[in-house]
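Participant: Assemble chain B with the ligand onto chain A, guided by the hints.
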Amino acid sequence: MAATDRALAVPEITAHSVDPQSRGWVSWVTTTDHKRIGILYLVTTFAFFILGGVEALLMRVQLGTPDNTFLTPSTYNALFTLHGTTMIFLFVVPIMAGFGNYFLPLMIGARDMAFPKLNALSYWLLLFGGIVFYASLFFSPPEAGWTSYAPLSLEAYSESGGIDAWIFLIHLTGISSLIGAVNFYATIANMRAPGMGWGRLPLFVWTLLVYAILLILALPVIAGAVTLLLTDRHFGTGFFDQGQGGDPLLWQHLFWFFGHPEVYIMILPGFGIISEVLPVFARKPIFGYKAIAAATVVIAFLALLVWAHHMFTTPSATIVLVFFMISSFLIAIPTGVKIFNWVATLWRGTVEFKTPLIFSVGFISVFLIGGITGVFLAVFPVDWQLHDTYFVVAHLHYVLVGGSVFAIFAGIYYWFPKMTGRMLSESIGKWSFAFMYIGINVTFLIQHSIGLEGMPRRVYEYPDVGNLALYNLISTIGSFMLAFGVGLTVYAVIRALRNGVKAGPDPWKANTLEWFVPSPPPVNNFDVIPRVRSVEPMKDIRRQVARQSEPAADLSPVAAGTRD
Amino acid sequence: MTPAAPRTRRRVFALTLLAALTAALVLAAGASADLLTPESGGGSVNAENVDTLYKLVLAVAVVVFVGVEGVLLYSLIRFRARKDAVPAQIRGNTRLEIGWTLGAAGILVILAIVTFVMLDDIRNPPNSDADGFPTQRIANVENATAYQPRPPNGRALNIEVNGQRYIWRYTYPDADDNVLNNVFNYETLVVPTKTTITLTIKAQDVVHSWWIPDLGGKADAVPGHTNFTWFKVQRPGSFRGQCAELCGRNHADMVATVVAVEPAEFKSWLASKKREIDANNKAAQQRREEESEELREGANPRGSGNAETAEGE
Ligand SMILES: [Cu+2]
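So the sequence lines, in the order shown, correspond to chains A and B. With the numbering used here as the guide, the letters of the first sequence map in order to residues 675 to 1238. With the numbering used here as the guide, the letters of the second sequence map in order to residues 412 to 724.
Calculated from the structure, these hints are not laboratory results. Wrong hints could be hidden among the right ones.
[As the list claims (entries may be wrong)] Below, in silico cross-link-like pairs of lysine-lysine (DSS-like), each with a Cα-Cα straight-line distance of 30 Å or less: (1) B:Lys-494 <-> A:Lys-1213; (2) A:Lys-1028 <-> A:Lys-964; (3) A:Lys-964 <-> A:Lys-1213; (4) A:Lys-791 <-> A:Lys-1028; (5) A:Lys-1104 <-> B:Lys-494; (6) A:Lys-1104 <-> A:Lys-1183; (7) A:Lys-1213 <-> A:Lys-1176; (8) A:Lys-1028 <-> B:Lys-494; (9) A:Lys-1213 <-> A:Lys-1104; (10) B:Lys-684 <-> B:Lys-605; (11) A:Lys-1183 <-> B:Lys-494; (12) B:Lys-693 <-> B:Lys-678; (13) B:Lys-605 <-> B:Lys-685; (14) B:Lys-678 <-> A:Lys-1176; (15) A:Lys-1183 <-> A:Lys-1213.
Given the structure is predicted, the values throughout are model-derived calculations rather than measurements.
Bound conformation, chain A alone (with noise of 0.2 Å):
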């Protein structure tokens, strides 16, 4: 009797905590638990998110209006470089590597990562590259943007301590990356659940796959730019330095191979969460798996042979323009693929309109604003008038936050009753989208016309010509919206922590493994590790439960039979 229910493993009998989940900080600061990682991982950069939230608020009060003097130039140029660097490095990076923690192995049916204890030396690396970054607001933080372009970051136009701490973080996340990519990577490769051949992968867990394996690609470039740059700044060498017979567009070159990467690297784990959430609530299979998995691929191939777009008004020869445009627009593809095939999932599907399918189809809408002025970027002369301009401002953030932050959010109310027990409430999630929403569009529509209007990035004051000031202004109102919407799900995870409703295991009847255990989930995971016959597992799991539960005649062996 034991023996076949294994073999149909049922999710009611299969969960039990082997040992009881000890308690009190220090099992935080020792463990080694892949979903407390995680969770460790979603607090801290949510907490460095807010931080860099706050920094861009500062920025939009001193541009909303025209000559400020709210901010001296120096704390202006501060906060970008802070503001650009939380983002990307101690934020969107780093939380794709939280849900990673916490999910992956619920989703291929493992018990932990492959290697637990690099697991955990990978997230203190990020805390203290975090730490020593921010420590430099207490002497001289770095003012040459998250690029640090050099030579405005070397020691001649850049005294000691803000740039150095920047090289710090680089390295440190860098590090801590790197090792959460192996980590992946071999946890993915190893550790599947019987059955789970790489047909029936989760596509967040291949765009994870995805993720390491750009990361291992990418970081050593920078990282070895950096130390470069460290050794310009301090032990007299000259790699980027024309006087010695170095080169600044060097530096350029290192800082987009990686840097460019580093863009799919923030959006594909996006991509892959809206790849887990629309077919859950539009009831329906994803449209097309494999060419999602094949355009995740493709995507990670040609991020690699298109940093010089970044580089389009440098000195440059037109065979070489050509080129970095036509590898642009063929990146285009397979993101454009990705959007048909989303919005073919809700095609005669019944969409249920839940806070995670919400953020998700919003995602979809604005995330197509950004890959379109993409386009725009991409052609080299159209380039020479928007780049480093407000559009271009514009576009990232269309990406960034429409993209990635509301595939960041759609995760949030998607996993939370999964990581607590308890729902995040409907009526607060909407309202949080609805301001982000607006606040979105309102902050970063305008700001193409910002910058067809002529005002360039990174300046800290304006002269009140043309509409610029009525422009700024509608972006700075904007920006309080957004950070509103943000603040509203801040409360109702509080409010869902006290007195959220209970869960259970699998509240949205969805379609991965990950659903199969209690919420949350045992130490061990899984007692038991269900056999997986197609994509969907959960699908099939409750068939069988369904199954069951009918009336005992339809149970005779026979008809269980023909209907396998």
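Facilitator: Relative to chain A, chain B with the ligand alone:
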């Protein structure tokens, strides 16, 4: 047929909504052409061509945008969960998927062709007008990595632009090889109309970016490199712009203005500037001579006296 009636009504509602949205978007795009198109153009033919190219891309973009958002909105309304609705269990459609992949590729091929067609007029300047300012044959810049634009007859007024924290310096050409006596100016670049101006762009310290929106796109000024751009202004006027690459704390104040004047007026401006510079050079030369004379006199009592007072302070 009772169930058909509400369905038709719903479909009509959805289609009306879609049509209204599309119309609103198209109208908004038309009415706010100002909002969606660059403020540049009008100054120089290359900037005008970039604007045209931008508008072509925008037209394609609006079609794609309205199409995708329309289908998205339609499927959300039409396929929202209802009581008797059953989701279709479709996993894909190879023909459709190949179709839209090729469709997306086709759009991009069109954009690439349009870009190549327009590129020549954006990159290569025309000759100066017959009544423009006299031009010289522009020299080849050795070891330049960038494309160096030149008019068909190879003649233009070539001005060197040098970015330095936080100002632009312009050096005008003259007849001799000595660059120390060339006319130069800061911040305001005075140029003749009807004349092809080519710019050789360099940087003194960090990376800057030369940008006058009305007169064409950006050209980064990178230390150790030479970059190029050009413009040709037909009517007198002034065009403002500013450094577009972060160069330090006062990056926002690194502005530039191009003032275009009639060739005759430019000629007299150049001459007066030349006189001013020659006078300054002469005065500086005189001062240097006096100083070296003082040095040669060695135990000059006045000089040592100065040194003593300096020490006493
Ligand atoms: Cu500058």
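Participant: Next, verify each hint and record whether it holds.
Facilitator: Checked hints:
As the CA atoms of Lys-494 (chain B) and Lys-1213 (chain A) are separated by approximately 21 Å, the hinted pair is consistent with the 30 Å bound. Taking the CA atoms of Lys-1028 (chain A) and Lys-964 (chain A), the gap is about 26 Å. The hint holds against a cut of 30 Å. Using a Cα cut-off of 30 Å, the hinted pair Lys-964 (chain A) and Lys-1213 (chain A) holds, with the two alpha carbons roughly 19 Å apart. With a CA separation close to 37 Å, the supplied pair Lys-791 (chain A) and Lys-1028 (chain A) exceeds the 30 Å bound.
Restraint check for Lys-1104 (chain A) and Lys-494 (chain B): the C-alpha separation of about 22 Å stays at or below 30 Å, so the hint holds. Taken as a hint, the Lys-1104 (chain A) and Lys-1183 (chain A) pair is honoured in the structure, with Cα atoms around 20 Å apart against an allowance of 30 Å. Taking the CA atoms of Lys-1213 (chain A) and Lys-1176 (chain A), the gap is about 22 Å. The hint holds against a cut of 30 Å. For the hint linking Lys-1028 (chain A) to Lys-494 (chain B), the alpha-carbon distance of about 16 Å falls within 30 Å, and the restraint holds.
A hinted pair counts as satisfied when its Cα atoms are at most 30 Å apart, and Lys-1213 (chain A) with Lys-1104 (chain A) qualifies at roughly 27 Å. For the suggested pair Lys-684 (chain B) and Lys-605 (chain B), the alpha carbons sit about 21 Å apart, so the restraint of at most 30 Å is met. Between Lys-1183 (chain A) and Lys-494 (chain B), the direct Cα distance comes to roughly 17 Å. Compliance with the 30 Å bound is thereby established for this hinted pair. A hinted pair counts as satisfied when its Cα atoms are at most 30 Å apart, and Lys-693 (chain B) with Lys-678 (chain B) qualifies at roughly 22 Å.
For the given pair, Lys-605 (chain B) sits about 22 Å from Lys-685 (chain B) by alpha-carbon distance, which is consistent with the 30 Å threshold. Distance restraint check for Lys-678 (chain B) and Lys-1176 (chain A): the Cα-Cα separation of roughly 84 Å exceeds the 30 Å cut-off, and the hinted pair is therefore not satisfied. Distance check on the hinted pair: Lys-1183 (chain A) and Lys-1213 (chain A) sit about 8 Å apart at the alpha-carbon level, within 30 Å; holds.
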